[in-house]
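There are 4 protein chains.
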Amino acid sequence: MSDNKKWDQYSEYLDLDKVLNAQNPLSDKAGDPAHDEMLFISFHQIYELWFKQILFELDDVQARFSNKNMDEREMQPVLLYLGRIIEILKNLDRMIDVLETMPPQSFIDFREHFGTATGFQSLQFRLIETRLGLLRKDRLKVFHQEFDKDLRNESKMEIKIAENNPSLFEQLDTWLGRTPFVDFGDYKFWEEYRNAVYKLFEEKTALARRNLSGEIFDKELAAIQRGKDKFDSIFDADKHAQASEDGQWRMSWKALQAALFITIYRKEPVLQAPHELLTKIMDIDELLARWRLRHALMTQRMMGLSMGSGGSSGFEYLMSTIGKHRIFTDIFALSTYLMPSRALPKLPESISKEMGYNYAVVS
Amino acid sequence: MSDNKKWDQYSEYLDLDKVLNAQNPLSDKAGDPAHDEMLFISFHQIYELWFKQILFELDDVQARFSNKNMDEREMQPVLLYLGRIIEILKNLDRMIDVLETMPPQSFIDFREHFGTATGFQSLQFRLIETRLGLLRKDRLKVFHQEFDKDLRNESKMEIKIAENNPSLFEQLDTWLGRTPFVDFGDYKFWEEYRNAVYKLFEEKTALARRNLSGEIFDKELAAIQRGKDKFDSIFDADKHAQASEDGQWRMSWKALQAALFITIYRKEPVLQAPHELLTKIMDIDELLARWRLRHALMTQRMMGLSMGSGGSSGFEYLMSTIGKHRIFTDIFALSTYLMPSRALPKLPESISKEMGYNYAVVS
Amino acid sequence: MSDNKKWDQYSEYLDLDKVLNAQNPLSDKAGDPAHDEMLFISFHQIYELWFKQILFELDDVQARFSNKNMDEREMQPVLLYLGRIIEILKNLDRMIDVLETMPPQSFIDFREHFGTATGFQSLQFRLIETRLGLLRKDRLKVFHQEFDKDLRNESKMEIKIAENNPSLFEQLDTWLGRTPFVDFGDYKFWEEYRNAVYKLFEEKTALARRNLSGEIFDKELAAIQRGKDKFDSIFDADKHAQASEDGQWRMSWKALQAALFITIYRKEPVLQAPHELLTKIMDIDELLARWRLRHALMTQRMMGLSMGSGGSSGFEYLMSTIGKHRIFTDIFALSTYLMPSRALPKLPESISKEMGYNYAVVS
Amino acid sequence: MSDNKKWDQYSEYLDLDKVLNAQNPLSDKAGDPAHDEMLFISFHQIYELWFKQILFELDDVQARFSNKNMDEREMQPVLLYLGRIIEILKNLDRMIDVLETMPPQSFIDFREHFGTATGFQSLQFRLIETRLGLLRKDRLKVFHQEFDKDLRNESKMEIKIAENNPSLFEQLDTWLGRTPFVDFGDYKFWEEYRNAVYKLFEEKTALARRNLSGEIFDKELAAIQRGKDKFDSIFDADKHAQASEDGQWRMSWKALQAALFITIYRKEPVLQAPHELLTKIMDIDELLARWRLRHALMTQRMMGLSMGSGGSSGFEYLMSTIGKHRIFTDIFALSTYLMPSRALPKLPESISKEMGYNYAVVS
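Chains as they are written, first to last, in my numbering: chain Z, 8 to 370; chain L, 8 to 370; chain W, 8 to 370; chain X, 8 to 370.
Just so you know, these hints were derived from the structure itself, not from any lab. The reader is advised that the hints may include incorrect statements.
Pairs involving identical chains hold if they fit within one copy or between any two copies, as the list cannot separate such chains.
[Claimed, not checked] Below 20 Å or equal to it, Euclidean Cα-Cα: the simulated EDC-like pairs (lysine to aspartate or glutamate) are:
1) Lys274 with Glu227
2) Lys59 with Glu107
3) Lys211 with Asp239
4) Lys226 with Glu119
5) Lys144 with Asp290
6) Lys235 with Glu209
7) Lys36 with Asp15
8) Lys206 with Asp24
9) Lys360 with Glu79
10) Lys167 with Asp193
11) Lys246 with Asp193
12) Lys195 with Glu55
13) Lys148 with Asp225
14) Lys75 with Asp190
15) Lys167 with Asp145
16) Lys274 with Glu177
17) Lys211 with Asp39
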């Protein structure tokens, strides 16, 4: 059939009639065409296509985590799709190289036509943040309150649903809390670890006593004491609870212990994938922060200090989100509590065996 | 009006209803859903959006070049939009990092559903190649003949029109040929350059005579002779004509001279933008070649040696295009004919003055 | 001679004996070898090689700017070398992808061996910042004061010299201030621009009067007034002086006017290169900020909240530098004062002619 | 001690005195300084530092593979270090963006000073190729023969040693050949797979018989037959042996079966890391090919068609290496032999259990 030609197959498969006919610059309609508005539109459409893809991958990953008895086979697709989100986020960042070929003057030329519409209003991006675990209460007030009152009902509903479902942060916390080997028969990782930490501090103190004196000795001792105090917020249940209340920790105590366990014993077969998971989660968190900065700098370049409503500019708002809208900082914070390998407690052989493959034990 | 809310403004402006509802995996329809088909579709839609943007920028650039008396003011947007095409091409390459997160097994799972549709069938990409200057006669036969018979009539027409209009290669050739200073009053760049080249060879010969002897001397002399012969294809009108007929040069003799002139005297104000233009054209040519390789490697990874119709695989076809579908190799070839700066003929001051700004002379 | 073989030529030319024998992990010496220390060392050596290259390019660029009557031919190498610095800065950022393959636990394993040495102590990086224009008084106190007392005398001297010489910021300011056409015979750009801005505000007010009423009208009027006030800091000499004193502007009033002039009339031949210059300066400023964030995030990943001396962590210090150690924000701020092209004052033809090439007028 | 200051610690730790004093442009010595030679030198030194790092990581990876009973714990560092090599290779490619800021004329200006030294002469790069598995007999003759006679004795020795030791290709082949589950008790993967393939072809034939007729039917039948023939080179021991002899396969038959097994059942815990390993090996192979192309294009840009000795230019030589110097194409070729998931043989539960973790079975 002449209707069913190959070229048609390709463009029908991709629905190109829709996709390639959705760029309608307002400056054209206004009879004052601005060349660069086309790029501006395509660029943001591509952003939204990538956002949709991120949400699609999150759907799959979160569905797997929602299963209480998630099979270890699931770690393969989980890591694959998180890895894909990482590559997409890298691309969101690099794409800005294209947009920044637009001189600020060109932006001004079409900006007045689209009124107050801004990228802050991307529903999909807001869903991504929420699904990953950004809490409404932790969002900067200034812009979002204003947006909220302008929301369509369906959009409000979509956000509400995302807020009510467990976020990836919460799912990760729960999943970490279930790590079996942290407390396994007689083996108590947390006790072993605390003892090893204290031993290290004792050695340091002894070393100082032997080699130092006077003011330098006092200084070293104070440093060691600060080190010990630091560890209290993870070793002492009450202090951890207090630190959580103060907003220093969001991760549960059990999850935190498991995450350290995984970080330390990452070579054990059963922990290889979990360790990769923690690494990928940090990558995602970093990439979001980096993308926020690029977005902020681009805004500053295009609009300077404008757009302020109530004194704060879009640039300043975006800059604040870099630090304040991060989600998985607890995983980064874990590095505070590491020790040199030589001082780490050895894993009992029986435990290590359980963490290996079945066939290896049998054969 | 409650209908005209900000969030709506954003999504209406970007026509997101269309764009985000155009992903319809065939594996879903076939009742055999394959997770990764969604990525495959979005990915190619994003490709096509970028292709559209490249064509949009080419429209503008080519319209400016179509003006015989192109004002030098036009060089600013020309360089800007070519620079944008460069950034887009970089992005097309990097995007493949996302697609390559797809394991080959996942590709096989949905590939059977879309039959023979392939990326070779992108009309827009074919238009880009044609508009830049790839000639139908230089295309690899194997795949394109087959495609051609499957073309829609409108598509055939679009390609025909692109083929009939001057390509960027041709426009550049004509524009270079008009460079005023290559032959300006008494000043004949080509004579000056040829003399300088010959003088350099004479010096080399004299140096060899003074310092070398025996076999080494003969070898050096042969090398110098080869060097001279090489220059004949640009200094001798007949030999250049012959070389053109043999397919060694596509650029006209006048354009070639102007391009060398620009390369050498690139610091002169009036030549700064033309030199940047030649550089950007080479960047585009390189990026297309690099993208072809990535596309080929991705194809090999996903399909191995399959897809052969008549023995040649998609991978092999794509590999051949890297070398054979290049367009601006003549500009790269120019480097063959450069000399060390110390041996270059100095530009007469009167000429140099003409190439400066008006105010500088007046004031 | 058998001693002078090609392979030797290559490695002698690159002095590989020196370069490839300069990696001496301290953990090896301590008898406690940590695999990843090699990467850590190579990585920072590569950083320092790139830093040296940036300083080398800055030497050249700054020498050209130090010439009061810088010839316009110089713009070609200036833009070339700044473009190179941009590519190097992009690479400094991407290189971190390599270092981040190091798990935090691996870092802890060799960190104790190199004591208090940190990347903050890179003399070359400090010179780059200073040479670009970061002032000692604008540096965050906390870390640098401590470093300063630990400086070698030669290093103190090198920094002192860099501080006493004009920075690129100052050179750019002076150079912009000399732009001839801003005030050219009868033509006063600044008056023209102010008039056009006021006219636009009048039109907006008239439009509001015609179409709006009540509270909405009052709101619009207030917005227009805020817009006018904003422009005062650039139109009113006293207010600009005051704003400079308050630290809002670092750029001189004349430079600021010239930069706006260049931004607006960037298509004029004589302004094409200056416009490219402003763009590249913004690129450099952005890339430095982006690199600071990546550096901060990497530090947080590797060390969590550790390393605090006096309560502030390395991560927090690095995060503060992103906003506070920027140099060319004034150029970004210019976008605040742009108008749509349709409202811009047209350049008188006589002026435009002066800004073109000599030959074009003659012929 | 004033000698032991922090700034000194940093620069001593990195041996910066050596590293930053190893850039000695020959054009300076010749009294004809060429600005861009500094970049050329630093660039290649950085290349060599990265090459050293790649070899350092390969040392570790290959030492682990040399252990016949490699513990599965080792997969964690193996994947980590291969991932690091991938990031380094990405960086080698991107670095060329810096070098390509050098105009060809600048290269000519210092090129004559370093004679015939070229990057082909990098001993470390040659070692990398050899260690990965490029065989001397598969190298393009033209350049390497010439180099070989110019080798220092120590360098000849180093290459000889690398050639005599098992390459990563060979180690991978051996390791794959040991994969336990491919032939496990009663379970014979290869029979299961062959049966499933044949069944799929039968279904296709039946489907064709039912729905097609005439010429179209004949065509489909021929396509199915070609498909079957294709599989013979992996199902039939003799045909695989013949294909190996013909140079179509380099991988052993056992390794090939194991690689397919891993590709298909990649979700099984014990196969997750091996699947990641195959993916990373393909990434490395791709990145080397991409880097070769960039290197070739850069050479063409800088030197055009020059440098030919015996008619072939450096550019043409480098272009040929892209296809001919690849090492792990067999892994890419595997995709030729995949089937849709629905047609794959299910893994017996008892086997699957063996491939899981010990604790999961026990508890």
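Checked hints:
In this homomeric assembly, Lys274 and Glu227 never come within 20 Å of each other (Cα to Cα): the closest approach is 34 Å inside a single copy and 51 Å across copies. Taking the closest pair of Cα atoms, Lys59 and Glu107 come within 20 Å of each other only across two copies (18 Å); inside a single copy the shortest separation is 23 Å, beyond that limit. In this assembly of identical chains, the alpha carbons of Lys211 and Asp239 lie at most 20 Å apart only when taken from the same copy (18 Å versus 62 Å across copies). Only between protomers do Lys226 and Glu119 lie at most 20 Å apart by alpha-carbon distance; the minimum there is 17 Å, versus 61 Å within a single protomer.
Taking identical chains as interchangeable, the C-alpha atoms of Lys144 and Asp290 are never at most 20 Å apart, the minima being 24 Å within one chain and 35 Å between chains. Taking the closest pair of Cα atoms, Lys235 and Glu209 come within 20 Å of each other only inside a single copy of the chain (10 Å); across copies the shortest separation is 67 Å, beyond that limit. Taking the shortest alpha-carbon separations for Lys36 and Asp15, only the inter-copy value of 19 Å comes in at or below 20 Å, while the best intra-copy value is 30 Å. Proximity of Lys206 to Asp24 under the C-alpha cut-off of 20 Å is found in neither arrangement, the shortest distances being 69 Å within a copy and 40 Å between copies.
Taking the shortest Cα distances, Lys360 and Glu79 sit within 20 Å of each other both inside one copy (17 Å) and across copies (12 Å). For the identical chains of this complex, Lys167 and Asp193 are neighbours neither inside a copy (44 Å) nor across copies (54 Å), given an alpha-carbon limit of 20 Å. Taking the closest pair of Cα atoms, Lys246 and Asp193 never come within 20 Å of each other, the shortest separation being 25 Å inside a single copy and 57 Å across copies. For the identical chains of this complex, Lys195 and Glu55 are neighbours neither inside a copy (47 Å) nor across copies (46 Å), given an alpha-carbon limit of 20 Å.
With identical chains, the CA atoms of Lys148 and Asp225 are never at most 20 Å apart, being 46 Å at best within one copy and 25 Å at best between copies. In the homo-oligomer, the alpha carbons of Lys75 and Asp190 lie at most 20 Å apart inside one protomer (19 Å), although the nearest pairing across protomers, at 34 Å, exceeds that limit. Only within a single protomer do Lys167 and Asp145 lie at most 20 Å apart by alpha-carbon distance; the minimum there is 15 Å, versus 45 Å between protomers. Taking identical chains as interchangeable, the C-alpha atoms of Lys274 and Glu177 are never at most 20 Å apart, the minima being 25 Å within one chain and 25 Å between chains.
Taking CA atoms no more than 20 Å apart as the test, Lys211 paired with Asp39 passes between copies only; the shortest distance there is 17 Å, against 73 Å inside one copy.
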